[in-house]
Amino acid sequence: MITIPYLTALTTYFSYGLLFAFGQLRDFFRKILDWWSKSNLQGYAPICLGLEDFYIRRLYLRIQDCFNRPISSSPDAWFDVVERISNDNNKTLKRTTRVTRCLNLGSYNYLGFAAADEYCTPRVIESLKQFYPSTCSTRVDGGTTTLHAELEECVANFVGKPAAVVFGMGYVTNSAILPVLMGKGSLIISDSLNHNSIVNGARGSGATIRVFQHNTPSHLEKVLREQIAEGQPRTHRPWKKIMVVVEGIYSMEGELCKLPEIVSICKKYKAYVYLDEAHSIGAVGKTGRGVCELLGVDTADVDIMMGTFTKSFGSCGGYIAGSKELIQYLKYTCPAHLYATSISPPAAQQIISSIKVILGEDGSSRGAQKLAKIRENSNFFRSELQKMGFEVLGDNDSPVMPIMLYNPAKIPAFSRECLRRNVAVVTVAFPATPLLLARARICISAAHTREDLVKALEVISSVGDLVGIKYFPAEPKKQQLEGERVKLE
Amino acid sequence: MDTMFSAFETMAKFVSDWGTLAFDTPYARAVVFGVPIRGHLLVEGLLLVVILFLLSQKSYKPPKRPLTKKEVDELCDEWVPEPLIPSITEDMKYEPPVLESAAGPHAVINGKEVVNFTSANYLGLLGHDKLQDSCIKALEKYGVGSCGPRGFYGTIDVHLDCEARIAKFLGTSDSILYSYGLSTMFSTIPAFCKKGDVIVVDEGVHWGIQNGLHLSRSTIIYFKHNDMKSLESILENATHDNKRAKKLRRYIIVEAVYQNSGQIAPLDEIIKLKEKYRFRVILDESNSFGVLGSSGRGLTEHFNVPIEKVDIVTAAMGHALATEGGFCTGSSRVIDHQRLSSSGYVFSASLPPYLASAAITAIDVLEGHPDLITKLKANIATLHKGLSDLQGLEIVSHPESPIVFLRLKRSTGSTKGDLQLLEDIADHLLKEHSIFVATSKRSTVDKCKLPAGIRLFISAAHTESDLGKACESLKRATALVLAGQ
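Order-wise, the sequence lines are chains A and B. Numbered by full-length UniProt numbering, the letters in the first sequence go through residues 1 to 489 in order. Numbered by full-length UniProt numbering, the letters in the second sequence go through residues 1 to 485 in order.
Worth flagging that the hints you see were computed from the coordinates, not collected in a lab. All C-beta atoms, glycine included, are put in the ideal place defined by N, C-alpha and C.
16 Å max Cα-Cα, derived EDC-like pairs, lysine to aspartate or glutamate:
1) A:Lys267 with A:Asp298
2) A:Lys324 with B:Glu95
3) A:Lys129 with B:Glu140
4) A:Lys240 with A:Glu230
5) B:Lys69 with A:Glu221
6) A:Lys268 with B:Asp73
7) A:Lys270 with A:Asp303
8) A:Lys222 with B:Asp73
9) A:Lys222 with B:Glu74
Far from chain B by the CB rule (all over 12 Å, computed), these chain A residues:
10) Ile4
11) Ile85
12) Thr208
13) Pro260
14) Gly285
15) Lys286
16) Asp298
17) Lys373
18) Val392
19) Asn407
To give an idea of the chain A side of the interface with chain B (calculated C-beta under 7 Å), a few residues:
20) Pro70
21) Ser107
22) Ala115
Just need the whole structure built from these sequences, with the hints factored in.
Put into structure tokens, the structure is as follows:
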């Protein structure tokens, strides 16, 4: 849980209030100036009414250069960030041809498969020559090749379930599966900090949605008991089915889900469990099999396991793994399988090759090395940051670590100062996080060496001093104190 | 005894004196309808006291008894959920044929070479040398995935180049790339249409648009498939008593070439209606981009309508451009708004860079070789001529649409029966004649009610002999299957 110091909360509210007041003032002048010049949209309502894009026009545009930074190389541990300039006070940004070589702390490259890999890339190019970059057809019509069949088997084996089905995009996987499984008269209970794709899928399904407090199994139990006892709203008929949706690693908090308790509660109340392992598959666990392996949960207890290949496998797409009947049913009814183009064959080959590397089936131990490296890197980085006095969220072993910033002015300050020192970080603010809790999010990769991490720590420490985000006192060096104590005895 | 009696007498006299006073005092008298009433104040006073007494009583409410823990436990034990999925029937076990080679105009299934009519590779660009080269270069430089959403270092320079190229080709000011064709429509629509807006949409649109409409929570009105009279009457009804046009946004959504029936939307009439009734038009050009119009610029070129009149144009690139993904194009205001409020763009990883560079090369090839479009048009015309005298099946798609849609002339009465018959024809075609076609399949969550049929996707890479063979085989297969019915 994040406990924000009172003074910081006050200053943050004050800053937002000031920005809001200035924004309203400028809107007022803009309205007067627009009276003079008439637009040619007579009779049409504007695409965005006044307050809908207030946040975008008056707050976001000021710090627009911290987001959407283009790169011109692969998103590896070091990459080239393209410089942009603005002639009209950040309203529009133009690309230049200058690039800066920066350390990458922002891309989702957990196992280092982002750039051209010695085992994967030759095989990917082979597949490209054999199967072309796309099949231009849906899976049920003529888009299933031998590569797709091999991929699904490979994924099912890796995750530990009998069967799997693969789609071309992770977002669509969530949005198209939930409407098929849950309809009117069903209940979806989802964690309060679930990703937008799950929220959209739940809304599109027509089922009733209830939310439980983030990662609190006791509150989940309370909600389940209440809902089963009350039944459907207004008619009080019993629910048709109940599904609990949780994520493996929450991308904005870096926390692991409390899976064993949640699974036992769901078993007791006969609810189905849907686990979204977008960030955790391939990145945690002894052999990279995700949250279930790390926390010791049997995969047969989780009804539906979903994940994406964008983060740890360096490709694109999403999968659903479950029992054979479930996958057969999904292949017959899911709109993403019936109407969307199948996953691109080179991307499929990348996934197969990277799974082989992780499992060690390519004949080398690179997979085990990568997994050990990412665990080591994450734990080292997190403990060092905490020692320096930053407020870092997340559990041990999780490669995602958010650093709290709180004040809106510190967001662009942190981002720009780090870029000046050749470190690229990601800062997140409202609406992806609550208004007061803006943060910078670091994603560690197995491709980072110890020197890279030490440099990053130096830069972050100096920028942190400059910007003022060391909210906790730094730990003093322990060795001197222990030396004195030994002397006394 | 005597004193008590006399005390009692005094008290009674006292009370009666007060009573007479209350009754007889001047202000205790009223004259109502000519009748003097005496002592009404006393009665009113008593009434007031009674009222106050009643008000101070608590009203009767049945006591609220929340469920005890034991009762909740019992309810939870008794509750039995439905199974997660219904039981598997025979037709759910259908497995599509697995290709052993690429999905070009000729493919290999089960060791045999077949003519492939299921891949929407309209211009035959799959396997083109230039596209393969640009993909290989991009793979070597950037790897496969882009490892991040567009806002967090997932924007690679090929994405920006691709967006600029598409905008230049179509003549609009800007465009935005999506990483999947299906997500383009269902992310664009909720970004612009909010609760309370009015959307008029054709009833034959595909699932992506239907899902976008559902997520937008606007008021949705369907008009008959490709029927302009129905559209006009609905527009008339929707606007004739609407005075709040300043705040309400109104949209018409149509597809250029409908995936579910192969019809082409008459854009010139739609633009006339749009201007008359002040609606905005959202057009889905997935199957017409690179196909219609003399240089492949789509439906707007086909009908000679300037592209500024269409407010939002979206398309999936998995058809003529032979890559994956989708794009949306329009004025800069429209595109900039989507960069922050379109959920499929903001919350999802960006398109792999090699697919974006393939798209750029595909547009370059298309611009440099307009003869591909003429070849495609010639192929479509040949197929229409060859299939004009087919028995049992009729062509219901537009003569210029690249999707040739064949429907049963006489339906068996149920959709299931129709589908079974069509699948038998398709199976026979594949096994005996080595022609690979696809029947239309519907999901359980799809609301489209158009009848099913057999779809053939024509490509510019199909040769004359391929088309001739297809026509012959179709005639023989339909005669066989429908005769044995």
